[in-house]
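Q: Each chain, written out:
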Amino acid sequence: MAEKTLIEGIREALDEELERDPTVFITGEDVGPRGGVFRATMGLFKKYGPSRIIDSPLAESSIVAIGVGAAMNGMRPVCEIQFADFIHPAYNQIVNEAARMYYRTGGATTVPMVIRTPYGGGIGGGLYHSQSIEATFAHVPGLKVVVPSSPHDAKGLLKSAIRDNNPVLFLEPKKGYRLIKGEVPDGEYTVPLGAAKVTREGADITVYAYGIMHFYCRQAADEVAKEGIGVELVDLRTLNPLDKETVLRSFKKTGKALIVYEDNRFLGYGAEIAAILSDEAFHYMDAPIMRLAGPDVPGVPYSHKLQDWFMPNPQKIAGAMRKLAAY
Amino acid sequence: MAVATPQVDIHTPSLPKDMLVEMVTAMVRARKLDERCWLLHRQGRIAFHISGMGHEAAQIGVAFAMRRGHDMLYPYYRDLSLVMALGMTPRDILLGVFGRAGDPSSGGRQMPAHYYYKPGNVFSVSSPVTTQVPQAAGIALAEKLKGGDRVVVTSLGEGSTSQGDFHEALCWAGVHKLPLVVVVENNEYAISVPMHMQMAVARVSDRAAAYGVRGVTVNGLDLFETHAAAKEAIDIARSGGGTTLLEARVARLTPHSSDDDDTTYRTPEDKAALKMQDPLPPLREKLIETGVLTEKQAKEIEERALAEVDEAQRFAESAPFPEEAWGAGPVFAD
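Residue numbers (this note's numbering), protein chains in the order written: chain A, 1 to 327; chain B, 1001 to 1334.
Quick caveat, the hints were computed from the structure, so don't treat them as lab data.
A portion of the hints provided could be inaccurate.
[Claimed, not checked] Label-pair ranges, simulated between beta-carbon atoms:
| hint | chain 1 | residue 1 | chain 2 | residue 2 | range |
| --- | --- | --- | --- | --- | --- |
| 1 | B | Leu1015 | A | Lys47 | 38 to 44 angstroms |
| 2 | B | Arg1045 | A | Pro192 | 56 to 62 angstroms |
| 3 | B | Pro1330 | A | His283 | 29 to 35 angstroms |
| 4 | B | Glu1035 | A | Gly126 | 29 to 35 angstroms |
| 5 | B | Pro1268 | A | Phe266 | 50 to 56 angstroms |
| 6 | A | Ala225 | B | Pro1330 | 52 to 58 angstroms |
| 7 | B | Gly1329 | A | Glu245 | 53 to 59 angstroms |
C-beta: ideal position from N, C-alpha, C; glycine also.
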């Protein structure tokens, strides 16, 4: 077992699945000899050749549509959208086609495909290289939405996503690609989709997060622990279908919930968590359910100073934790 | 430089007699069923119908050029004749029209004309237009990656060629020389919008050059011309020669759908001229004239088709509705 970065976990999953299953292939912009703009597919073109690693035309709708078609003809495509911000031209193919195919064919046709895309801010990407798109897509029945927050989970969840018989949107926290490091077992293992994980136990408050926000929440939890605040941290890992059981179990223990996400606050993922807690665990509630999220503006601004203003970070999260614990 | 509206001017058939009888029977069956659906809608017994009348010759020409049951079809909503030629029966279609549990397309989940028929390798139609074309390219790419010999046929209207998905699909088709035939059933109207407001080229097939694929335009009212062109396109696709953009000039004999009123955008002269563009009567005449059919046999084909539609209607109308639980899913596959 070695310490690796999150993007190395992703690359290992791709490599091992390409090796294991001849129906797996990768397509997307610059995924070939270039190895992807973030280097997620680095070395794979050389190893597997141009019929397994296919540079696509610069046309996102077709990147997904080609995957939908290929998946319906016996393949397991892994389609890369270079930045989540550019997924919108493919919205129709994802939402109207990939996600609805199983239902509209009465369960007779499946679309086993993965759409990988780097998302989120904090890298100086401005309005169009920083977007968080999870709420939009997690709203869609028939589409699984997965977000890893550690190298271990990145590898195990991606392998599960590739083997899943449904379309899976696999959101990669790009700020964490090289920032987040951790132990990754060598060789075969998977992490199941649809299972959240309690990554830190605590008695005072429950904090729900995913992706890079989970990484920041761990730091913030360490910080407030010094002040005697016990944070229970739940890494949601799969946003659809949600592991409600784990979500509710932790809340029933602490009675206080904070949801942290960098997507803008209004109708964001935290709103659904808050609604579920209030619907199904109202009598356990000891404080108003809190959300710490990005502001409701049309994007993460570019200027470093403005970006810092936008992004939740360990300091802001620690502040919210203190406020909730004190309620 | 508009291309003249197609007229029915049928070539003399050179196909085997059995096949000719089968082809004309397929067209007549689809027509009788189509007419019945209009009637059912006007009687208030069904919510919606969208017609393929005027497209039958083109669709049957294409269908009979395919290796049916082997090749794959990703159709669009006007392809009643095509999907019937690939195995759907009047019972199957009417179960969908009446929203019954036995509807093979979706068990009553989708609107009528959103065809899906797995035994015939027919992929599932949705409502946003042109989404099927890049998916068909993906199906064809997979076929090529697997080393298979099945050709993918996909179809759409001329209005749908304005969508970005059309352009994106043909980029892939050209770059990868995909085993694909893209059939544009050009009936000159996208609901109410005429072709000259849709594109500035005279032929949809003129666009093929931009993608490095073959472009062919045929008179889609002529069964035999369409069949020959489709056969050539499919043979080329199967032998590794890549994609053809096949434009079949057809006529839309009806309004866009049961909810449309084409008198708001078609002149009385235009509508009157449509009667001369019905591909069925001249075909019947030609087959009798060339001794393929007798008058009596032609009449029998029509009577049999009508009887089949009558029976299918009785069957479908008395078939059970889906259970409510069927609405609830499952949403995800295991």
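Q: Decide, hint by hint, whether the structure agrees.
A: Now for the hints, and whether the structure bears them out:
no.: 1; hint: B:Leu1015 with A:Lys47: 38 to 44 angstroms; in the structure: violated, 51 angstroms
no.: 2; hint: B:Arg1045 with A:Pro192: 56 to 62 angstroms; in the structure: violated, 49 angstroms
no.: 3; hint: B:Pro1330 with A:His283: 29 to 35 angstroms; in the structure: holds, 32 angstroms
no.: 4; hint: B:Glu1035 with A:Gly126: 29 to 35 angstroms; in the structure: violated, 59 angstroms
no.: 5; hint: B:Pro1268 with A:Phe266: 50 to 56 angstroms; in the structure: holds, 54 angstroms
no.: 6; hint: A:Ala225 with B:Pro1330: 52 to 58 angstroms; in the structure: violated, 43 angstroms
no.: 7; hint: B:Gly1329 with A:Glu245: 53 to 59 angstroms; in the structure: violated, 19 angstroms
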